[in-house]
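Participant: Here is how the chains run, residue by residue.
Number of protein chains: 2
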Amino acid sequence: MSGYRFDHISEILKSKKNDLLQVGLINGKLGTGKVIEITGQYTDISVTLDKDPPLPASLTLLLALPRPKILKRTLKHITVLGVKKIFLINSFRVDKSYWQTPVLDKEKIKDIFLNSLEQSCDTVLPELFMKPLFKPFVEDELPDIIKNTIPVIAHPKAANTLVDISGKHFTLAVGPEGGFIPYEIKKLKECGFEEYNFGERILPVETAVPGIISILTRSIHSCVDVP
Amino acid sequence: MSGYRFDHISEILKSKKNDLLQVGLINGKLGTGKVIEITGQYTDISVTLDKDPPLPASLTLLLALPRPKILKRTLKHITVLGVKKIFLINSFRVDKSYWQTPVLDKEKIKDIFLNSLEQSCDTVLPELFMKPLFKPFVEDELPDIIKNTIPVIAHPKAANTLVDISGKHFTLAVGPEGGFIPYEIKKLKECGFEEYNFGERILPVETAVPGIISILTRSIHSCVDVP
Chain A
1 MSGYRFDHIS EILKSKKNDL LQVGLINGKL GTGKVIEITG QYTDISVTLD KDPPLPASLT
61 LLLALPRPKI LKRTLKHITV LGVKKIFLIN SFRVDKSYWQ TPVLDKEKIK DIFLNSLEQS
121 CDTVLPELFM KPLFKPFVED ELPDIIKNTI PVIAHPKAAN TLVDISGKHF TLAVGPEGGF
181 IPYEIKKLKE CGFEEYNFGE RILPVETAVP GIISILTRSI HSCVDVP
Chain B
1 MSGYRFDHIS EILKSKKNDL LQVGLINGKL GTGKVIEITG QYTDISVTLD KDPPLPASLT
61 LLLALPRPKI LKRTLKHITV LGVKKIFLIN SFRVDKSYWQ TPVLDKEKIK DIFLNSLEQS
121 CDTVLPELFM KPLFKPFVED ELPDIIKNTI PVIAHPKAAN TLVDISGKHF TLAVGPEGGF
181 IPYEIKKLKE CGFEEYNFGE RILPVETAVP GIISILTRSI HSCVDVP
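As you go down the protein sequences, you meet chains A and B in turn.
Each step along the first sequence adds one to the number in the numbering used here, with nothing skipped, and position 192 is 192.
Each step along the second sequence adds one to the number in the numbering used here, with nothing skipped, and position 117 is 117.
Chain A with its partners taken away, still in its complex shape (with noise of 0.2 Å):
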């Protein structure tokens, strides 16, 4: 092994022969390395992979696609989150430019991807979907997305708010900083989304996302409404 494992491995982690590592192998399993040989140039470890990923979160993400300095720290907390389908989709508050941002390089986002889950002790690819035609996306694909699931729209100023939420899958759909405009929540109640209020500050989506997601995916006790 060289590159940038490597030299994590010899600069930061400091491993000599025999030190055990935590290893995983893309989409596969956990495991542990142990260091055969070390050198200046590279380093061989043999692997035993025993142990599986943890759980995905059991929700799917629509974003309107923000701002490519925005873009990626979002994307880093939705994938160390454990989210694994992610749809940018487009709105009329995204910016037309930020759909030709080189972060939306396919190598761009598997470097953030990647990154993210050696950090989360993770395996598995998160799956990016590019959806610049938002009329479209929701008239025909996303029907069967949101199948068996509870499509939910997070909103500051919505009236109900969800109870119960232990042991169910969520599409979450998440507006561009301005939010959603009425014809688009329209589209997406159409489709069957409803709105919900996660409390009544105005948030910027770097805060927004890895905090609904967490209530969504993270409140592991049952939640049930008490007047």
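Do not take every clue at face value.
It does not matter which identical chain is used: a pair holds within one copy or between any two.
Said to hold, decoys possible - DSS-like mimics (lysine-lysine), calculated; alpha carbons at most 27 Å apart, straight line:
1) K157 x K51
2) K17 x K85
3) K69 x K108
4) K51 x K69
5) K69 x K34
6) K29 x K51
7) K106 x K69
8) K96 x K84
9) K34 x K106
10) K17 x K84
11) K106 x K16
12) K157 x K34
13) K16 x K84
14) K69 x K110
15) K157 x K29
Simulated from the structure, these hints should not be mistaken for lab results.
Chain B: place on chain A using the hints.
Facilitator: Coordinates of chain B only, in the frame set by chain A:
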């Protein structure tokens, strides 16, 4: 008015005479500003302040000082989520150099706070306290800080989960990357803290903080354990 607020009004909002703007007074009320005059250098605004800022989050945060880049982003999450009392604390795994970062300069911190308050339509500046000595802070100051709150340590391997969180005020302790060491956990427990599980993934600080604060303050339904 001149400076960055004038730039925003003239270049982003492109306001004209008689336009209405959202305004707020630092640590005071929110309201409306009417553009009386606007030139190339400044604008004159007539201000009415008649609305209370949003309620603060019912949470006090102890955060093991992260590295500067992460600190900056994490302080933004904390501020937009409405936390008003933040203690940056030391831990064995906090690199000593982090306490010397220019990000901790009073003016830099205030910029981060103001910018985040503007984004979230709030006026109340958080209070930030630096506590570079762990033991005297926990022994001498923490007992008073946690009075009438539920003191919580987030830990991905804890057996307990929190139930019935609504209407409570929390003091949340978040450790450094790698976690608090056993001695630190022991000292926090002696003070009254308990470890709770908010999901089993190991998260970077900048994801864990908005996630757990959201769970504790934004799940606006009550929660009870349903087996």
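Participant: All the hints need checking, so say for each whether the structure fits it.
Facilitator: Verification of the supplied hints:
1. For the homomeric pair K157 and K51, the shortest alpha-carbon distance between copies (17 Å) is at most 27 Å, but the shortest distance inside one copy (44 Å) is not.
2. Proximity of K17 and K85 under a CA criterion of 27 Å is satisfied in neither setting, with 39 Å inside one chain copy and 47 Å between copies.
3. When the C-alpha separation of K69 and K108 is checked against a cutoff of 27 Å, the pair qualifies both within a copy, at 13 Å, and between copies, at 21 Å.
4. Taking the shortest Cα distances, K51 and K69 never come within 27 Å of each other, neither inside one copy (35 Å) nor across copies (33 Å).
5. For the homomeric pair K69 and K34, neither the shortest alpha-carbon distance inside one copy (38 Å) nor that between copies (33 Å) is at most 27 Å.
6. For the homomeric pair K29 and K51, the shortest alpha-carbon distance inside one copy (6 Å) is at most 27 Å, but the shortest distance between copies (55 Å) is not.
7. In this assembly of identical chains, K106 and K69 lie within 27 Å of each other by CA distance both inside one copy and across copies; the values are 16 Å within and 26 Å between.
8. Taking the shortest Cα distances, K96 and K84 sit within 27 Å of each other inside one copy (26 Å), while across copies they are farther apart (37 Å).
9. For the identical chains of this complex, K34 and K106 are neighbours neither inside a copy (32 Å) nor across copies (47 Å), given an alpha-carbon limit of 27 Å.
10. For a Cα distance limit of 27 Å, the shortest separation of K17 from K84 qualifies neither inside one copy, at 36 Å, nor across copies, at 49 Å.
11. In this assembly of identical chains, K106 and K16 lie within 27 Å of each other by CA distance neither inside one copy nor across copies; the values are 35 Å within and 44 Å between.
12. In this assembly of identical chains, K157 and K34 lie within 27 Å of each other by CA distance solely across copies; the values are 25 Å between and 54 Å within a copy.
13. For a Cα distance limit of 27 Å, the shortest separation of K16 from K84 qualifies neither inside one copy, at 35 Å, nor across copies, at 46 Å.
14. Taking the closest pair of Cα atoms, K69 and K110 come within 27 Å of each other both inside a single copy (16 Å) and across two copies (23 Å).
15. For the identical chains of this complex, K157 and K29 are inter-copy neighbours only, at 20 Å across copies versus 43 Å inside a copy, given an alpha-carbon limit of 27 Å.
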